[in-house]
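> Take the sequences, apply the hints, and build the full model.
So the protein lines, in turn, are chains A and B.
To convert, note that position 113 of the first sequence is 113 in this note's numbering; the numbers rise steadily by one, no gaps.
To convert, note that position 36 of the second sequence is 150 in this note's numbering; the numbers rise steadily by one, no gaps.
Rather than coming from a laboratory, the hints here were simulated on the basis of the structure.
No residue lacks a Cβ here, since even glycine has one placed at the ideal position from N, Cα and C.
There's no promise every hint is true.
Stated by the list, open to error - Calculated pairs, DSS-like style, for lysine-lysine (alpha carbon to alpha carbon, straight line, at most 30 Å): (1) A:Lys53 / A:Lys13; (2) A:Lys57 / B:Lys171; (3) B:Lys187 / A:Lys57; (4) A:Lys3 / B:Lys171; (5) A:Lys3 / B:Lys187.
Unchecked claim - A few chain A positions that, by computed beta-carbon distances, are all more than 12 Å from chain B: (6) Gly16; (7) Lys18; (8) Glu22; (9) Met27; (10) Phe33; (11) Val52; (12) Glu62; (13) Arg68; (14) Ser87.
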Amino acid sequence: DVKVTQSSRYLVKRTGEKVFLECVQDMDHENMFWYRQDPGLGLRLIYFSYDVKMKEKGDIPEGYSVSREKKERFSLILESASTNQTSMYLCASSLERVPYYEQYFGPGTRLTVT
Amino acid sequence: AQRVTQPEKLLSVFKGAPVELKCNYSYSGSPELFWYVQYSRQRLQLLLRHISRESIKGFTADLNKGETSFHLKKPFAQEEDSAMYYCALNTGNQFYFGTGTSLTVIP
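Below, the structure is given as structure tokens:
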């Protein structure tokens, strides 16, 4: 059974702080993704990675960066948190770059920036 | 450009009534489509994918390439179906999700 875990369920940070969100998957998946989920906007892709040390921008990468030093771990970094980055952040992984493979999601991190 | 459109943000039906959640997509290639569901306080999870042509929890979805639609249907809604539903398109390079439909089944 695939397990995707995220380091925190809830996080409160101040404006300007550097924020790290960690995601770990235990099924040797090649692909990993970071989304933000906002009411009325659905899921929007921030960054994704098809391999270690590789990253590609999604639809809304501004204000974010990522790191993938190991296959099982994908980190999302907010260099200087802002209030408009208050959101639910979801990490996902999938097996290969093949269309019909589903994505497996973590439980989410609800980030509040004050 | 919006690749996946779910026109209804909120949908309420009575228990036992049929339910249809609409999804339209925009993609020139061969689409791979999915429905994901998120129950209250649970993680987002796959409900069904069009390639499997299966019924999950009584839900079915048929891909209509002519109408570029992948509507989710269930003949008799149950209270436990209340959740947020997302339609998703995989183009091989990227997943695109719709904005979601919140389904409430009224007892």
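> Does A:Phe33 clear chain B by more than 12 Å, comparing its Cβ with all Cβ atoms of that chain?
Answer for A:Phe33: violated, closest chain B Cβ roughly 7 Å.
> For A:Glu22, is the shortest CB-to-CB distance to chain B above 12 Å, so the non-interface label stands?
Holds, since 16 Å exceeds 12 Å.
> Are the Cα positions of A:Lys53 and A:Lys13 separated by 30 Å at most?
Roughly 27 Å separates the two Cα atoms, so the pair holds.
> So is A:Val52 really clear of chain B, every C-beta pair being over 12 Å apart?
Fine: 19 Å to the nearest Cβ keeps A:Val52 off the interface.
> Closest CB-CB distance from A:Ser87 to chain B, is it above 12 Å?
holds, 14 Å
> Against chain B, does A:Met27 keep a CB gap of more than 12 Å to every residue?
Given a closest Cβ separation of 14 Å, the condition holds.
> Given the proposed pairing of A:Lys3 with B:Lys187, does the C-alpha separation stay at or below 30 Å?
Status holds; Cα separation ~29 Å.
> Over 12 Å to the closest beta carbon of chain B is the bar; see if A:Arg68 clears it.
holds, 17 Å
> Beyond 12 Å on every Cβ pair: is that true for A:Glu62 relative to chain B?
holds, 17 Å
> Holds or violated: B:Lys187 with A:Lys57, Cα cutoff 30 Å?
Roughly 34 Å separates the two Cα atoms, so the pair is violated.
> Does the claim that A:Gly16 lies outside the interface with chain B hold up, using a Cβ gap greater than 12 Å?
holds, 30 Å
> What's the verdict on A:Lys3 and B:Lys171, does the C-alpha distance respect the 30 Å limit or exceed it?
With a Cα-Cα distance of about 22 Å, the restraint between A:Lys3 and B:Lys171 holds, given a limit of 30 Å.
Hint compliance for this structure: hints 2, 3 and 10 are not met, and every other hint is.
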